[in-house]
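Novice: For the record, the sequence lines run as chains X and U.
What the first sequence shows, in this note's numbering, is residues 1156 to 1270, in sequence order.
What the second sequence shows, in this note's numbering, is residues 47 to 158, in sequence order.
Hints are computed from structural coordinates only; laboratory data are not their basis.
Accuracy of the hints is not assured; some may be wrong.
Far from chain X by the CB rule (all over 12 angstroms, computed), these chain U residues [to be verified]:
| hint | residue |
| --- | --- |
| 1 | E61 |
| 2 | G62 |
| 3 | E63 |
| 4 | Q79 |
| 5 | R106 |
Cβ-Cβ distance ranges computed for the label pairs, FRET-style [to be verified]:
| hint | chain 1 | residue 1 | chain 2 | residue 2 | range |
| --- | --- | --- | --- | --- | --- |
| 6 | U | D113 | X | K1169 | 50 to 60 angstroms |
| 7 | U | T97 | X | E1214 | 24 to 34 angstroms |
| 8 | U | K102 | X | E1214 | 21 to 31 angstroms |
| 9 | U | G98 | X | L1234 | 39 to 49 angstroms |
| 10 | X | L1270 | U | T97 | 41 to 51 angstroms |
| 11 | U | N70 | X | E1214 | 16 to 26 angstroms |
| 12 | U | S53 | X | A1237 | 27 to 37 angstroms |
| 13 | U | S143 | X | T1225 | 15 to 25 angstroms |
| 14 | X | N1183 | U | G62 | 40 to 50 angstroms |
All C-beta atoms, glycine included, are put in the ideal place defined by N, C-alpha and C.
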Amino acid sequence: NAGVTQTPKFQVLKTGQSMTLQCAQDMNHEYMSWYRQDPGMGLRLIHYSVGAGITDQGEVPNGYNVSRSTTEDFPLRLLSAAPSQTSVYFCASSSFGREVKDTQYFGPGTRLTVL
Amino acid sequence: TQLLEQSPQFLSIQEGENLTVYCNSSSVFSSLQWYRQEPGEGPVLLVTVVTGGEVKKLKRLTFQFGDARKDSSLHITAAQPGDTGLYLCAGVRAGGSYIPTFGRGTSLIVHP
Chain X
1156 NAGVTQTPKF
1166 QVLKTGQSMT
1176 LQCAQDMNHE
1186 YMSWYRQDPG
1196 MGLRLIHYSV
1206 GAGITDQGEV
1216 PNGYNVSRST
1226 TEDFPLRLLS
1236 AAPSQTSVYF
1246 CASSSFGREV
1256 KDTQYFGPGT
1266 RLTVL
Chain U
47 TQLLEQSPQF
57 LSIQEGENLT
67 VYCNSSSVFS
77 SLQWYRQEPG
87 EGPVLLVTVV
97 TGGEVKKLKR
107 LTFQFGDARK
117 DSSLHITAAQ
127 PGDTGLYLCA
137 GVRAGGSYIP
147 TFGRGTSLIV
157 HP
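Model the full structure from these sequences, guided by the hints.
Specialist: Structure representation (structure tokens):
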């Protein structure tokens, strides 16, 4: 199993550009989520999904869109990039939802810089 | 307001020293997890605690869940350079969403 994969690993954007961060998992997990990590801020939840066709907002959803057309994929779209979106983005998956002991598996992250 | 407060934020120690990291809240949690994150990588789960007063050991790491399930601690005995990393706690609130909330993390550096 590859686990959780994310692409690209690094990205530089100009203000106003749009892009999609890709996330895929091969563990047949129902639950997937996107976090951003900023220095001294821990991990903040952007959006999450409990299954194909179902998404919901997390703590910091503004400026981001998600969709979940398949169990495996959960892309994150930046509609119009802003410098405040410079961050490291992590995708995670889990068989969560019903069992608090479930483990979240994280991808390696995408380091995004918005100029 | 941060739901989970971690302390200290930074810790720089010599190899062989002991240390404790704390994760505190005013809320009650169904479960609490500890993750370690190494530079350039995603967090990796170390342990999950679900019962008040529970103690779990992972080699030199000891995790404790408070009796009231509002706090947790991570104690490392005889720290080694390989323990260097960011330690994050994450909790699922009792009676709330099953989505975990993360603390801000404790950055640990162990010098040889």
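Novice: For every hint, state whether the structure bears it out.
Specialist: Hint check results:
1. With 12 angstroms as the threshold on Cβ separation, the claim that E61 of chain U sits away from chain X holds: the shortest Cβ distance comes to roughly 26 angstroms.
2. No beta-carbon of chain X is positioned within 12 angstroms of the beta-carbon of G62 of chain U; the least distance is around 28 angstroms.
3. Under the 12 angstroms C-beta cut-off, the non-interface status given to E63 of chain U relative to chain X holds; the minimum distance is some 24 angstroms.
4. Under the 12 angstroms C-beta cut-off, the non-interface status given to Q79 of chain U relative to chain X is violated; the minimum distance is some 8 angstroms.
5. The Cβ of R106 of chain U lies farther than 12 angstroms from every Cβ of chain X, with a closest approach of about 21 angstroms, so its non-interface assignment holds.
6. For D113 of chain U and K1169 of chain X, the hinted distance range of 50 to 60 angstroms is satisfied, since their beta carbons lie about 53 angstroms from each other.
7. With their beta carbons about 27 angstroms apart, T97 of chain U and E1214 of chain X fall inside the hinted range of 24 to 34 angstroms.
8. The given range of 21 to 31 angstroms is respected by K102 of chain U and E1214 of chain X, whose C-beta atoms sit roughly 28 angstroms from each other.
9. A beta carbon spacing of about 44 angstroms between G98 of chain U and L1234 of chain X agrees with the range 39 to 49 angstroms that was offered as a hint.
10. Against the hinted window of 41 to 51 angstroms, the Cβ-Cβ separation of L1270 of chain X and T97 of chain U comes to about 49 angstroms, which satisfies the hint.
11. A hinted range of 16 to 26 angstroms for the beta carbons of N70 of chain U and E1214 of chain X is consistent with their spacing of about 19 angstroms.
12. Checked against the given bound of 27 to 37 angstroms, the beta carbons of S53 of chain U and A1237 of chain X, roughly 32 angstroms apart, stay inside it.
13. With their beta carbons about 24 angstroms apart, S143 of chain U and T1225 of chain X fall inside the hinted range of 15 to 25 angstroms.
14. Taking the beta carbon of each, N1183 of chain X and G62 of chain U are about 44 angstroms apart, inside 40 to 50 angstroms as hinted.
Of the numbered hints stated above, the single one contradicted by the structure is hint 4.
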